Amino acid sequence: MAPSARRSRSKLMTEAEAVERFVHDGDTIYCGFTVVPYGLTFEIIRQNRRRLNVVGSSNVFSAMLLALAGCADRMETGYVGGTLTNGPINEMMKDGRLRFEDYSNLTMTLRFMAAALGMPFVPTNSFLGTDYLTQEVLEHEHGLASDRIRPDGSVAPKLAVMESPFTGEKTVLLSPCRPNVAMIHCQRADEDGNVQAWGPLADSKWALWAADIVIVSAEEIVPSSVIRTDPGRTVIPGFRVSAVVENPLGGHPGPVSGYYYRDKHFFALAGQPFKDWDSATEFFDKWVYGAPTRAEYVRKYRDAFGDELMDDIMVKNPIVPEQPAKSGWR
Amino acid sequence: MAPATGDAPDRGYDPIDMQCIAAAREVAANETVIVGMGPPLLAGSVAKKIHRPEMAFVTEAGPIDWTPSDGVPAPNTIADPAMTEGSAMVTDMLDALGLFVMGGRASAAMFQAAQIDRLGNLNTILVGTYANPVRRFPGTGGNADGGASAGRMISTVPLESRRFRERVDFRTTAGYLEGPGAREAAGLRPQGPNVCVTTMCIFRFDTTDGGRTGSCEMYLDGLFDGVSVEDVKAIVPWDLQVASDLVLVPPPTSEELETINELDAERVYRVPGRY
Numbered sequence: 001m002a003p004s005a006r007r008s009r010s011k012l013m014t015e016a017e018a019v020e021r022f023v024h025d026g027d028t029i030y031c032g033f034t035v036v037p038y039g040l041t042f043e044i045i046r047q048n049r050r051r052l053n054v055v056g057s058s059n060v061f062s063a064m065l066l067a068l069a070g071c072a073d074r075m076e077t078g079y080v081g082g083t084l085t086n087g088p089i090n091e092m093m094k095d096g097r098l099r100f101e102d103y104s105n106l107t108m109t110l111r112f113m114a115a116a117l118g119m120p121f122v123p124t125n126s127f128l129g130t131d132y133l134t135q136e137v138l139e140h141e142h143g144l145a146s147d148r149i150r151p152d153g154s155v156a157p158k159l160a161v162m163e164s165p166f167t168g169e170k171t172v173l174l175s176p177c178r179p180n181v182a183m184i185h186c187q188r189a190d191e192d193g194n195v196q197a198w199g200p201l202a203d204s205k206w207a208l209w210a211a212d213i214v215i216v217s218a219e220e221i222v223p224s225s226v227i228r229t230d231p232g233r234t235v236i237p238g239f240r241v242s243a244v245v246e247n248p249l250g251g252h253p254g255p256v257s258g259y260y261y262r263d264k265h266f267f268a269l270a271g272q273p274f275k276d277w278d279s280a281t282e283f284f285d286k287w288v289y290g291a292p293t294r295a296e297y298v299r300k301y302r303d304a305f306g307d308e309l310m311d312d313i314m315v316k317n318p319i320v321p322e323q324p325a326k327s328g329w330r
Numbered sequence: 001m002a003p004a005t006g007d008a009p010d011r012g013y014d015p016i017d018m019q020c021i022a023a024a025r026e027v028a029a030n031e032t033v034i035v036g037m038g039p040p041l042l043a044g045s046v047a048k049k050i051h052r053p054e055m056a057f058v059t060e061a062g063p064i065d066w067t068p069s070d071g072v073p074a075p076n077t078i079a080d081p082a083m084t085e086g087s088a089m090v091t092d093m094l095d096a097l098g099l100f101v102m103g104g105r106a107s108a109a110m111f112q113a114a115q116i117d118r119l120g121n122l123n124t125i126l127v128g129t130y131a132n133p134v135r136r137f138p139g140t141g142g143n144a145d146g147g148a149s150a151g152r153m154i155s156t157v158p159l160e161s162r163r164f165r166e167r168v169d170f171r172t173t174a175g176y177l178e179g180p181g182a183r184e185a186a187g188l189r190p191q192g193p194n195v196c197v198t199t200m201c202i203f204r205f206d207t208t209d210g211g212r213t214g215s216c217e218m219y220l221d222g223l224f225d226g227v228s229v230e231d232v233k234a235i236v237p238w239d240l241q242v243a244s245d246l247v248l249v250p251p252p253t254s255e256e257l258e259t260i261n262e263l264d265a266e267r268v269y270r271v272p273g274r275y
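Which chain is which? The protein sequence lines are V and X, in order.
In terms of my numbering, the first sequence opens at residue 1 and continues consecutively.
In terms of my numbering, the second sequence opens at residue 1 and continues consecutively.
For the record, the hints were derived by calculation from the structure and aren't laboratory data.
Note that this is a predicted model, so its numbers are computed, not measured.
Treat the hints with care, since some could be wrong.
Computed cross-link-like contacts, EDC-like style, restricted to lysine to aspartate or glutamate with a CA-CA straight-line distance of at most 16 Å [stated by the list, open to error]:
#1 V:Lys316 to X:Glu184
#2 V:Lys264 to X:Glu266
#3 V:Lys300 to V:Asp276
#4 V:Lys94 to V:Glu20
#5 V:Lys170 to X:Glu184
Footprint (simulated), chain X over chain V, 3 or more residues, beta carbon under 8 Å [as the list claims (entries may be wrong)]:
#6 68 to 74
#7 92 to 102
#8 135 to 144
#9 167 to 179
#10 184 to 195
Ideal Cβ placement from N, Cα and C applies to all residues, glycine included.
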């Protein structure tokens with residue numbers, strides 16, 4: 001038996017409590033790329049947070065819903081998914097209602113890493129020779145200069161190029177990105193907030209470590225001994241985590257490795273709000289405002305589509321290690 | 001877009017099938033490839049299944065050296081958790097795009113782009129100008145990172161006049177930049193041989209040393225069955241050079257067609273105009 005946690009101070013709470021306590025107007029938030037906390041994101045919309053800055057290497061569907069709902073008015077990202085086609089998001093990006101700074105998948109991940117490690121900047125060769133380095137882009141009026149005010153009141157650049165003092169090579173300097181709040185949906189956690197997630201994790205671990213506040217929702221809350229007999233799966237320990245939400249299907253319609261697969265039927269439906277404002281209202285009314293908890297959302301989903309669609313995405317033949325890894329020392 | 005299947009003889013495959021298969025054939029022996037969203041995921045899967053089973057197939061979100069089991073479809077995104085089955089390593093973006101790509105360990109990148117120019121630079125974010133975009137695209141993802149750091153670029157771009165430009169509207173991804181010597185002057189490693197696989201033909205670039213010398217300009221190297229040089233020249237807006245030993249790209253084999261149809265039974269990757 002593994003030892004139990006030294007002290008236990010449960011961080012378990014509901015989605016509503018977690019968002020109420022820890023997400024504030026004006027915050028910079030990370031809300032996942034591959035381990036997307038849809039339930040928590042919908043709760044942010046229900047609680048009508050405003051002026052959020054959504055950061056992430058790829059701001060997928062959940063982040064774009066925050067923009068569409070008027071909760072987010074700016075973002076720093078390398079990708080916004082297929083939400084643009086001449087619809088509301090494209091409109092907002094063009095007219096400046098949604099301000100943004102363009103990065104890439106690697107550069108955003110490096111920015112989280114820099115913040116997580118307490119580095120003042122991080123060098124990369126990405127963007128060398130490209131138009132990201134032109135003045136027009138660096139000083140774009142839809143950019144986030146207002147988020148880059150230094151303590152002395154001057155404006156920090158978005159990117160800078162310098163020569164390495166060691167080799168003379170040119171390199172692009174990226175600023176650290178430190179979210180106020182980072183959220184993911186994971187496979188399992190314990191009530192102390194030890195978080196285990198697996199599968200392709202994209203930038204999530206770095207965003208969690210970079211953030212001031214970490215909120216996770218989990219498919220399962222497990223005893224601490226489950227975590228502490230397999231600690232290699234932990235992506236962030238409880239002492240860095242503020243809130244844990246037990247939320248089965250909290251990652252739907254995205255996939256959760258070992259639990260359920262991407263729900264392509266729902267994504268087709270969920271693409272609708274990005275087509276025009278009326279469809280957006282309809283979607284939010286039904287699936288966000290009309291389903292105040294994830295359990296309610298799941299019930300609504302089953303009512304609307306029958307059990308078949310939901311059952312179809314559930315993992316029925318999970319992969320388990322052919323030879324479980326041993327650990328231990330005596 | 002020119003020859004759709006409607007006005008061409010029925011060959012049993014579409015231009016986009018041929019594009020994915022031709023891109024798959026471009027993967028060289030023992031390559032380590034970062035494979036991007038859209039048709040590259042399908043093309044890379046075809047290469048892995050039949051042309052280069054020894055290749056390392058890596059995607060940005062963390063799967064490293066994915067080997068598909070029988071009957072498994074091509075990954076639906078670069079983050080498809082289906083790749084946790086059969087990968088040598090599944091971690092995260094700092095590993096896949098950092099250790100692997102920025103670290104110089106990706107011999108090739110295979111990415112789709114919205115636009116490409118005469119010198120192989122790619123655009124993935126917008127049409128128009130940055131200040132006044134006519135349209136924004138989903139974004140660059142890891143495309144810009146691949147252009148900076150991968151050993152060479154295998155790009156997939158449908159052959160349409162709005163996509164082939166003297167200069168791309170926005171250069172997100174470094175190809176040969178302004179021409180010979182420009183990559184090194186910008187601080188980038190040489191890159192190549194680069195190739196652009198379209199829905200009608202294959203373009204290569206006039207440089208044998210990764211962009212140090214040669215014109216670095218795109219030239220027509222191979223035509224798909226039923227396409228003429230004039231068809232291609234009518235779409236490309238500059239005075240396109242043509243290889244003296246221009247080849248006819250062999251049509252798909254039955255094995256290639258069977259494989260691509262099995263990997264993408266629902267044809268999600270082969271929707272013209274989707275990417």
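So, going through the hints one by one against the coordinates:
| no. | hint | result |
| --- | --- | --- |
| 1 | V:Lys316 to X:Glu184 | 52 Å, violated |
| 2 | V:Lys264 to X:Glu266 | 12 Å, holds |
| 3 | V:Lys300 to V:Asp276 | 23 Å, violated |
| 4 | V:Lys94 to V:Glu20 | 32 Å, violated |
| 5 | V:Lys170 to X:Glu184 | 10 Å, holds |
| 6 | 68 to 74 | violated (count 0) |
| 7 | 92 to 102 | holds (count 3) |
| 8 | 135 to 144 | holds (count 4) |
| 9 | 167 to 179 | holds (count 3) |
| 10 | 184 to 195 | violated (count 0) |
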